[in-house]
Amino acid sequence: MPLPTRVSQIKDSEVASFFSEEDPEKLFTDLQEIGHGSFGAVYFARNTRTGEVVAIKKMSYSGKSSNEKWQDIVKEVRFLRQVKHKNTIEYKGCYLREHTAWLSMEYCLGSASDIIEVHKKPLQEDEIAAICEDALNGLVYLHSNQRIHRDIKAGNILLTDNGTVKLADFGSASFLSPANSFVGTPYWMAPEVILAMDEGQYDGKVDIWSLGITCIELAERKPPLFNMNAMSALYHIAQNDPPSLGNSTEWSSAFRSFVETCLAKEPEHRPTAVQLCANEFIRRDRMNSVILDLIERTRRVVRELDNLNYRKMRKILMTETFNLNKGEGGEEDPEDGVSDSVSESGDDVFGGKASQSNSIGSQHSIQDSIQSSSNCGSINSLPGPSAEFDSFSRDSRHPYYCQAYSGLPPMHSGYSSAQDLTLGRSQDISLGYHSLKGPNNHASYAMKMGYQRNRRKMSSGTSLSSYADGSDNLEDQFKTIRPTSIVQRQAKEHESEMREQFTGYKRMRRQHQKQLQQLETRLKAEMEELRQKLDKEYEQCVQTNAKDVDKLLQKHQTEEDRKQKAAVSEEKKLMKSITSRQDTELKAFQQHQKREYKINKEQIKKEVDSTPKKEQDSVIRSRKESLQQQQQQAEQKLLQEQKRFLDTEIRKLKARLILSKHTQQQDQLREILHKRQIVKEMEHVMGLRHHEQTQSLEYRHLKQIQNLRSEQMEKQFETELANQGEYNKRAQRELRKKHGLETKQQPKNLKIKEQSIKKQYHDACKIQMKQFKQLQTQVLQNTAREKQKSVSKKMKEEQKRKMAILGEQYRLSSQEMLQSQSIRLSDSQQRECKELHETLKQELELLHAYQSKTRLQLDAQHMREKKDLEEWVSLRRARLEQRIEEDTVRLQSEKSEQIRHLLETQSTEIESFDAETLSMGFEALTIEKITQAYEGRMLDGPTGNGGSFRYRSNSTSSAGYNSTS
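Counting from 1, position 548 in the sequence shown corresponds to residue 548 in UniProt numbering; the numbering is continuous, with no gaps.
If you're looking for bench data, these hints aren't it; they were derived computationally from the structure.
Any given hint could turn out to be false.
[Said to hold, decoys possible] Keeping only pairs whose Cα atoms sit at most 30 Å apart, straight-line, the calculated BS3-like set for lysine-lysine is:
id, residue 1, residue 2
1, K753, K312
2, K703, K524
3, K753, K729
4, K64, K75
5, K643, K587
6, K715, K866
7, K703, K565
8, K69, K84
9, K75, K58
10, K680, K536
11, K652, K675
12, K315, K120
13, K643, K594
14, K802, K758
15, K587, K598
16, K703, K222
17, K594, K744
Assemble the whole structure, with the sequences as input and the hints as a guide.
The following block contains the structure:
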């Protein structure tokens, strides 16, 4: 996806709000470069709308790794927008123009690193304490908001015109604490940052370590291990004991204790920023103006250095102008073209009055600075690889622009010193400059650019002196504590091979971390997907089982309803059948009684024929009444018997129905319990299967992560070895180049020394001849004329002999000098080769030791992770088995409870039925008696896991349930 060149092209509304839509080229004027780094450059600028002086950090996000650069820009802007504290750099705004972000920030005079570079001497304890106090206040603010700076060093601690110390350069900062990225500047990195990807995470205490290193930097002008290769320094920091202040007696015990506290190897033993604010070294009394005094002294030294540097360059230009004019046939006397300017600056350049400054920098310090300024501003570089890597140490990640912070505009100091130059003189200088050739003449190039601008400004008739009059106002607006030479040096040093090499190494480490995070994210998503899938499968299983159980319950309810209806129907049918049969019997009985009544009536009539006629009617009537009464009693008895029979049969039917219902309930309960047990076992089996699937995926994920770590570690080791090999080759190549140059220069040096010896010989010969002539004159004056010739001849022979001795001494001295110089050069080169070989060997051994330790730590970490995973899997399996056991016990308890409840209910129902039966007078029709009629019949259902029920009279427990599960 193409990156935006305008704010309107940014699709993310939050990111778009970070940038202003104004055109920065129209909004800012007077841009003057004050720093340079890998990101681009930093400029002094003025806001045309408000007139405010700001620092503009131009960051290009085109070309290689453009997307990564854009993300870094967005991250830094987001961080700066959220940081608001008096001891952190103030954010002004950000603008876009043609794949370049213009980051506008508060303008500061310079950094603590600039101060020690200007003065060429350490800071005083009170100055260090004052700087540390404000820096700690800034860290307290950052850490309280869960932010980590991760690049604390003198170059990132800025000073403002009012003496406020501010933390800057949040390009390496972290929004989260803890973090685990490989970020920072090598010599200031804490051990846990170097080992972050190997041993875990770190928090804000890495800034405390960096602050301790910064204290040593301010006290000794360089951080520990600065003479060592930067990569080797990383390995050294990770493995060895923390550094400490030197053995100098000028440092107090409080300062030493403060540094030692900051540099505790273990982060948990390191204090927090809040605790350090209460440290004795920070809280002790000191003058409030200590930083303001330091800034003022530094500015005086900077002005002196830039003025002296300008005068020296002007002398060179004057000389070149004279040589050019002389080469073109000009007859101008060198004294006329050069002597004036040289005379006014010569004393200053070579230790004259102008070098006598009131600053804390000594005369020797200023002259050293002049010496460094002639070499494009490089200070007394430390020998060894760290000089190549200087852009990382002091300038590469400087305040808010990852490089050195502020400096003078080109030729600014020169203008202030050129008040005596006329327009014609400046033109002569400009013309004379064209004789200076060579791509490496950076200082001359700067002078050329300055004079060309000067000529354009003076083309309207304005003299240099009139322009110089306005330079005071410019100086008031453009305040700095940094000499121009430092700014010039950055543009050259940021191209260092070591810097590019370490940048590539950091990029590789960040890429490894990104790959690991991407893999972890992907594996986490895969694990979440599996978890959701298994949860869904388990939920579906539970729902399906619940539906099956509900269906079974519904089935049982339907069967109960159907059986109840069938029981009612059967009872009605039985009652109808018995009633119909009894009605038939009753009718037959009544017919039979009618026939018997007729027969008995005729028989009675026959029997009463012998009785008197008056008594016959009464006898017949009484006999009929008696007969009718007997028949009524017989019919009533039959009805009673029928009713009892009906009640008995209905009671028997109800008893059988109750027994049948109980049997059905037991069968249904057995079936439902069996179903629930099967369902629960199915869920348990599924849970175990899910556990196995999760375990398999966890082991596979762990293996993938560990394999990626191992691959990255091997790639990192290969890169480190390759970098070390390249560094070794480069160091050997540079040493050979140096030796070749020494060897090439040796004949010239020998010739110079031989000429010196020859000159001494000539001087000795002249003295000898002069002495000989004087002696000859004296001797001849005191010798007779006839002997003068022989005496003169003897003296001449003696003189020749002495001259021959002098010639032989000259020859021997020359030979001895040539031999000694050759031997000395050879021995020196051999010694340097041996020292370099030993140094490189030690660094390689250090690298191998670091890699071996890292490999062992990674293996131990992998074993620990595997062991932790095994313990977690075992714990999860144990919990699962415990849950299964609890489910089984709970299910068994529920089964027993349901069986007990069913049997109690059935027993209560039977007791109620028996009580009702007994109250009806059917003692033989109790359930127990009816059950005995079915002796041997067992109401057993499926034997699987349901068990069987046996009726026990008056039983209210579940003892009759024999489970086979």
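Results of checking the hints against the structure:
no.	hint	verdict
1	K753 / K312	holds, 29 Å
2	K703 / K524	holds, 14 Å
3	K753 / K729	violated, 34 Å
4	K64 / K75	holds, 19 Å
5	K643 / K587	holds, 15 Å
6	K715 / K866	holds, 23 Å
7	K703 / K565	violated, 67 Å
8	K69 / K84	holds, 24 Å
9	K75 / K58	holds, 15 Å
10	K680 / K536	holds, 17 Å
11	K652 / K675	violated, 34 Å
12	K315 / K120	holds, 25 Å
13	K643 / K594	holds, 22 Å
14	K802 / K758	holds, 16 Å
15	K587 / K598	holds, 16 Å
16	K703 / K222	violated, 44 Å
17	K594 / K744	violated, 167 Å
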